[in-house]
Amino acid sequence: MTPDPHSVPFLSLLLVFVSAAFTDNILLVRFLGLCPCLGVSKKVDASVGLGLAVTFVTACTAVLNYWVYRYLLIPLDIVYLRLIVFIVVIAAFVQLVEMVVERLSERLYQALGIFLPLITVNCAILGTALFMIARPYNATQAFVFGLGSGFGWLVAITLIGGIREKIDEKHVPPGLRGPGLTLIVIGIMSLAFVVFSGMIKL
Amino acid sequence: MLTGIIVSVLFLVGCGLVFSALLLLAERRILRYGPCAIEINDGKKTLEVDGGGTLLAALAENDIFIPSACGGRGTCAYCKVRVLEGGGTIGPVEAPYLSPAETKENVRLSCQVKVRGNMRIAIPESLFSIRRFRGHVEHKRPLTRDIVEVRIALDDPAEMPFVAGQYIQLESQPYRGRESVMRAYSVSSPPSDTRAVETVIRLVPDGICTTWVFEILREGDSVQFSGPYGEFRLSDSDRPCLFIAGGSGMAPIWSMLRDMKEKRSRRSAVYFFGALTQADLFYTEPLRQLEKELPDFRYVPALSREPPESDWSGERGMITDVLARRIPDMAEYEAYLCGSPGMIDAAIKVLQSGGIPPDRIFYDKFA
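As they're listed, the protein sequences go chains L and R. Residues 1 to 202 (our numbering) make up the first sequence, in order. Residues 203 to 569 (our numbering) make up the second sequence, in order.
If we strip away everything but chain L, and leave its shape as in the complex, we get (with noise of 0.2 Å):
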């Protein structure tokens, strides 16, 4: 079944959200932004953290990302840009954010911290924006496909800090601590999540 944007608007937004976030999970099933979960993902509250600033900048740049390739990339015919110009606006996009929130909310300034640039650097980020310019989409969709991949990202990050959490409190052997562990975690995870993938196709 192909659903049909134009016919079915909130259906085919709901269904685009969906799969970014479930079937397509960006962490669990694309493998991207790996580095920032491995480092960030020892306590579940940092890792909630971490991945509502990667929802926000990863549905926000989306939409930017989408416009600049729509009507600048494509009419001046330098799509073979699109990696160096998606992470510029990305990285501006960020640096823009953090000067936002440190005016705004000091205490959120404090929370989000080194989390923030960190995002600049998160391929997840950058892997959304090309995967968004592969597929038909308009600018709504842009936007919520930002949005589901953002938040899959979240629910992985978290449910993997969850899990680590757990694990500290046991036994582990000396040699699978740390990352070693964490990552034959994420592989079990993705296992699940790749049974998703049958259920939309897009």
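Subject to a maximum C-alpha distance of 30 Å in a straight line, what follows is the list of computed DSBU-like cross-link-like pairs (lysine-lysine):
{"#": "1", "chain 1": "R", "residue 1": "Lys567", "chain 2": "R", "residue 2": "Lys463"}
{"#": "2", "chain 1": "L", "residue 1": "Lys43", "chain 2": "L", "residue 2": "Lys170"}
{"#": "3", "chain 1": "L", "residue 1": "Lys42", "chain 2": "R", "residue 2": "Lys306"}
{"#": "4", "chain 1": "R", "residue 1": "Lys306", "chain 2": "L", "residue 2": "Lys43"}
{"#": "5", "chain 1": "R", "residue 1": "Lys247", "chain 2": "R", "residue 2": "Lys282"}
{"#": "6", "chain 1": "R", "residue 1": "Lys494", "chain 2": "R", "residue 2": "Lys465"}
It should be emphasised that the hints constitute simulated quantities derived from the structure, not laboratory data. Since we're looking at a predicted model, the values are computed, not measured.
Position chain R against the provided structure of chain L, taking the given hints into account.
Just chain R now, kept in the frame of chain L:
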């Protein structure tokens, strides 16, 4: 083909320019806090500064120099001040440098605290007298193969009042791709010599500032530094003193001893100086002269790597062993130490087992 290249180059350049301009504009508009008042030490001084920058920078603009060696990157942890109000929460950069006791006392790294509104802070009174100085190198002369004496004549301000044992922060100029840095050096001249400062500088292999001093700095060159910093000084008691130093740790002790002579101090003192070989000893003649001029002063140089067959008739071995051998009962003494962290830690152990309580051991440790 060619237009394609030109379009892409122009686009990328344009992208960079637009985003930079946007961010600069945003920084100006968003991160503006207006004038903020910083009250220091319960109203002793109040500063009006423009908000948005760091506390360290705001204080420096108003000629209050908090010690800082890393240039505000949050790695040296020298710039600690107490922020009583308006400092916000402790950030992730400074957290590792603050002990639980310091956190309770509201101690913060002033390079990480941003001025976002009115603040109340507390700093040691002595920081008020720290100034920035411009001077020129009056002379630079080698004392041993890796230690030089540098004398800086002051140009502006023309005088620096200080206490023997304090240090200055010398600013190196950029050279051969190395950035400008600030490094601490103890003053070796006596406080009566207010129109110049002398320091004793040891070459640190690959050290940014010491290489600059050894290879680039010439007599007559203009230099900048700030000071005086530090709490290392002689106490007011009349207990006998033990001075222990190694290498360029000579500097503050040399200042203290000459200060004692000028003030006609009656305190008895023993100075243990550790070096590798005879070639690493310096100021030996003037120190021997001081033995005659001070009422009760002995200079005990100890060499740890002097060849056994040489003509050296003084002490041999590690400075700490010599100390324990010469002064078995130290209970009545006060100790003043300056040298590498390794030497100081070893000396503190010997001093404590010799009976000196920790509150009578004063030291200036340099890494």
